[in-house]
Amino acid sequence: MKCEWTDRLSEYIDGELDANEQRAVEAHVEGCAACARTADELRAVVARARALPARPPASDLWSGIEARAGSARLKPRATGEPRATGARGFTFAAWQLAAAAALVAAISGALAWQIRGHRAGPALTAQAANTATIQARPETPDADVPVVPVSLGDAQYDAAVADLQRVLDKERPRLDPATVAVVERNLQIIDEAIAQAQRALAADPANSYLSGHLVETRRRKLDLLRRAAALVSDTD
Amino acid sequence: MLATALVAVMTMAVTHTDQTIQVQKGTRLEVRTFAGDVVVKTWDKDAVRVQAEHSDRETVDIQQGDRVVTVRSQAKRGAPRSVDYTLTVPAWMPVSASGTYMDATMDGVGADVTVETTRGDIAVTGGSGVVTLKSVDGEIQLNKAQGHVEVRAVNEGVQLADVSGDVSVESVNGDLTLDRIDSANVDLYTVNGNIAYDGPIRDKGVYRMTTHNGLISVAVAESANATVTVRTYSGSFKASFPVKVDEQNTRKRFTLTFGNGSAQMELESFGGTIALRRPGEARPGTDRERRHHRHGGN
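In the order they appear, the protein sequences are chains V and G.
Position one of the first sequence corresponds to residue 661 (the working numbering), numbered consecutively onward.
Position one of the second sequence corresponds to residue -13 (the working numbering), numbered consecutively onward.
Okay, chain V solo, but in the shape it has when bound (with noise of 0.2 Å):
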């Protein structure tokens, strides 16, 4: 059963909730047996995130993150494997899918300070008057920068990314199959997305927009499945 609170849990953990409702969430997971529990999963991801040393990201993100936060449970099991926890595929997905939120948004954090670390331009010696011509300045060259590229093939977001697939594939029957359209249909526009910055840091490695703008992407793919698989809680 998921909780009206449930989507806040993350950011009740993270105090980033107004007082008004981080009193009630408080409230709730006092009394709350199943938010509670995942309030304290929260919290261990969360502690074991902010363990990582503060460093840039490796080009292999997702399996460094992935071994400091040891969230076994995003690792892709091998076949007949079964899974570690809940006798029903969705119980666990609440778990499941904060991890792999929690996960996410270190990762994104991480490479977007990476990235924006790097995008500002060299300070400008001038500056244009609004009402005349407005000078465009080239951004800083990507060569001028340490660069760290984003590892195409990354096993952990695949892993991630396919254990949510399997969630929603074990509980499609579950779903209004108009509902189950919508989803495929929009995971297709993001994936072909994705092919397409893919191709495109293939063509210019260096590049650190496509960089930053292919871990966007991939990220509202984990989104969206995240908020798929969440919808077969709801039917619960």
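Keep in mind the hints are simulated off the structure, nothing from the lab.
Check before you lean on any hint, since a few could be wrong.
[Unchecked claim] Below, in silico cross-link-like pairs of lysine-lysine (DSSO-like), each with a Cα-Cα straight-line distance of 30 Å or less:
1. V:Lys830 with G:Lys62
2. G:Lys27 with G:Lys62
3. V:Lys830 with G:Lys120
4. G:Lys120 with G:Lys130
5. G:Lys120 with G:Lys190
6. G:Lys224 with G:Lys190
Note that the coordinates shown come from a computational prediction; the quantities given were computed from them, not determined experimentally.
Dock chain G against the given chain V, drawing on the hints supplied.
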């Protein structure tokens, strides 16, 4: 077969629920339904009126707990059916509504608003504090809200107007259209849609707009102090005012500085056009619109 269906409908009695309960300030309303319309209006009484139309196979359960009023519909037997609600609440009351096939319309709520539906449209006028609207397959409209606004669509577009505060809006396959937004913190993202933004650019504000395939159209006032970063891969850039772009800059990534450059604005479209204009100027037509008009569409 049609006759059978008609008989079935005719024999299904429509039941009206109409109940009013007194509430104290600080109480919130939670509505959970499977399908149907949820209409929320406000009045100046400290009371919640629940009006519902439903089949006699459904019951409407109204519970008053500690600082919360919950309204739920439940099937007495068989699959859940549609229930149409009209709820009248005090303007100070936070409202939360969720459903699978739910269309939600709210007007005048002066507190937190949360709406989540799988297949359905959301139209909210008002909302103050935290406003969260989500629909997988439906349009979302939000007007006259303030506070922290988070809107998540997937397959349809989002329209915001006269909204102030932090704004985060995303879709996958829909356009994002924002008019008269007063915000220093904006994050807009769509994969396959266009983005149109119109509102003052606040000093030290952060504005991020990203699309993969779409057009980004942003109004930048002459008085704005902003550093605008433009990034595209196979798209293009244009402005309705003079901008000198280095033709040798084949990477299509550059910054423009307006005034003292205080605000940070990032505009990214992998394959679409990024267009700047002055407030009040017409938005550039999208390729999609131009094709539509060329083929005689209305």
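The hints, checked one at a time:
| no. | hint | in the structure |
| --- | --- | --- |
| 1 | V:Lys830 with G:Lys62 | holds (29 Å) |
| 2 | G:Lys27 with G:Lys62 | holds (28 Å) |
| 3 | V:Lys830 with G:Lys120 | holds (24 Å) |
| 4 | G:Lys120 with G:Lys130 | holds (17 Å) |
| 5 | G:Lys120 with G:Lys190 | holds (29 Å) |
| 6 | G:Lys224 with G:Lys190 | holds (24 Å) |
Hint compliance for this structure: no hint is broken.
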